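Letter by letter, the chains look like this.
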Amino acid sequence: MNLTRKGRFIHELAKQRMAMTGFFVVCLFFLIAVFLQVLPVPDPFALSLHPFHLPSGEHWMGTDNLGRDLFSRVLWGTRASLLVGVLSAGLSGVTGIIIGGIAGYYGGWVDDLLSRITDVFLVMPIFFLLILIVSLFGSHIFFVIFSIGLVTWPRNARIMRAQALALKKRAYVTAAIGSGASSFRVLFLHVVPNGVSPVIAYTVILIGQAVLVEAGLSFLGLGDPNVISWGQLIRSGQQSFASAWWISFFPGLMLLVMVSAVNFFGDGLSVVLNPRMMRR
Amino acid sequence: MERVAYLIRRTVEMILVVLVVAVLNFTLIHLAPGDVAVYMAGVEAGPEYVASIRHEYGLDLSLYVQMGRYMSRLLHGDFGRSFTRGEAVVDVIMNRMPATLLLMGSSLILGAVLGTLGGALAARHIGSKVDYWISGLCVAAYSTPVFWLGLILIYAFSVHLNWFPSSGMMSFLEEQRGIADTLRHMALPVLSLTVYFIGQNIKVARASVAEAMQDDFITTFRAVGFKEREVFLKHGLRNALLPIVSMTGLQFTQLTAGAVLTETVFSWPGMGQLVFQAVLSRDYPVIMGGYVLMSIMVVLFTLLVDFIYVVLDPRIELK
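Protein chains in written order, with the working numbering: chain A, -4 to 275; chain B, 351 to 669.
Hints listed in this document are in silico derivations from the structure and should not be mistaken for laboratory results. Fair warning: this is a prediction, and the values are worked out from it, not measured in the lab. In this text, a Cβ means the ideal position worked out from N, Cα and C, and glycines have one as well. A portion of the hints provided could be inaccurate.
Stated by the list, open to error - Some residues of chain A that are not near chain B, with every Cβ distance over 12 Å (derived):
hint : residue
1    : P39
2    : N189
3    : V208
4    : N221
5    : L268
Claimed, not checked - Part of the chain A face toward chain B, derived, beta carbon under 7 Å:
hint : residue
6    : T16
7    : V20
8    : F122
9    : G211
10   : W240
11   : S243
12   : G247
13   : F259
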């Protein structure tokens, strides 16, 4: 049964052409990020005597104000973006699952309290909050990841809560409770695994959002100064954009490609994981 | 009656949101490493001067007392004075608010209108080439970093074509100012901010129109012999409006993020830039005031959307 379900899932997903393209592009970025050290590209920190060099055969994306090879810097930026995107979206997904699951499953005052907290986070100006947190407490990349994850979970919590509400009335859940399983066990072994798919689809889309948020923070000068990131590269080329457009252009293009790919994949996933949408 | 009760409950909830934002910001700021009094006095200042500043601003009191004082002043509408400018925070922010509202409002409306039209067009020809391209482009639209798009727009339309100014809200010379002048200044920032929302709205509108067109009542209209065009415009499109309204409500919060980035790229004299500068210079009263007023703005807008929703859809479940 499990195998056929899995088979059907892969079959449906494969029919989504854009989603599959997105998936492969994301995989490509992953490979780049992992095998960066062994790729035959110049040192991203090596200075040269050719600052502001136009894109050419030698420097595919040109060079920056210090003559560093932009192509290699852009490839290095992949690592920061993916790290931030995947980890903070993952953190947001896990937090959302726990809070939403508990709220939906236990109900009563627990639900009231957790739902109100979720509502508050939903209408808060999140980006401003991030600016404040990062500029006051420091911009280390793991701190940025932690902060983004911590402010983006509410949508996931809402989705998980709705799922838990619907699933807790199912027969297999009642059976599990009847056989003496603890409520904690029922929630995390029976309810969550069966209701988690829409959360996964939304979390994939959140990866793209988190990448954009990190780029925005770095663009404002609040990124980790020790890490090459696309937002920072765009910032570094902002002053000379009129004369050396390529410094900002290529990192932004990469952002666009990566976030689009993630979104296409996420959209495809939510279509496949949501049977109601499959009929369309 | 049920509706009034619902709206009152929502209003109370929203007031709570503003209070929570205020407390959260206060706590964050006071937990942050570094001494505010030292910041204000300057690095070279002697210890007596720092102590006098600390006393003057009540920074030597306990955290609870400070928070109590701040909250009670806040409830009386007193946001304090800016550390760096010396003016009242309310005045500083109110000076900048119109520019931000102009930018955000135009983008929100333009995004909703164009997004609905685009989404409806895609849904009308669902599965066709038109649908394919619109849906693809809309994903690209909400995957584009606004600040990067802003830079490209400046490069193309300001540096090369010289059609629109690249920064500010009005011309330097008094005699050149006016509505037309401001509109020209608005063109690029509004465009770069709107693209994101057009993309999001197309997605929502396309899905909801497509769903509505499969509803039983639409089938009935068709069966009775109404023209497809009429059915689509009068009934299909109408059903797309509700999700767009609620989407717009959510977007207002995202818009505050877009605003600070767009305002930075285009040197737009709005609140986003003001608060961001305040964060960099640790001008706490402006940061706090900015956050609280911004949350009030978001909250008022959310309530407005709730209200519209209740009026538009009599079937809505008031839970």
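Among the hints numbered above, which are violated by the structure, and what are their numbers in rising order?
As far as the earlier hints go, 3, 6 and 7 are violated by this structure, in ascending order.
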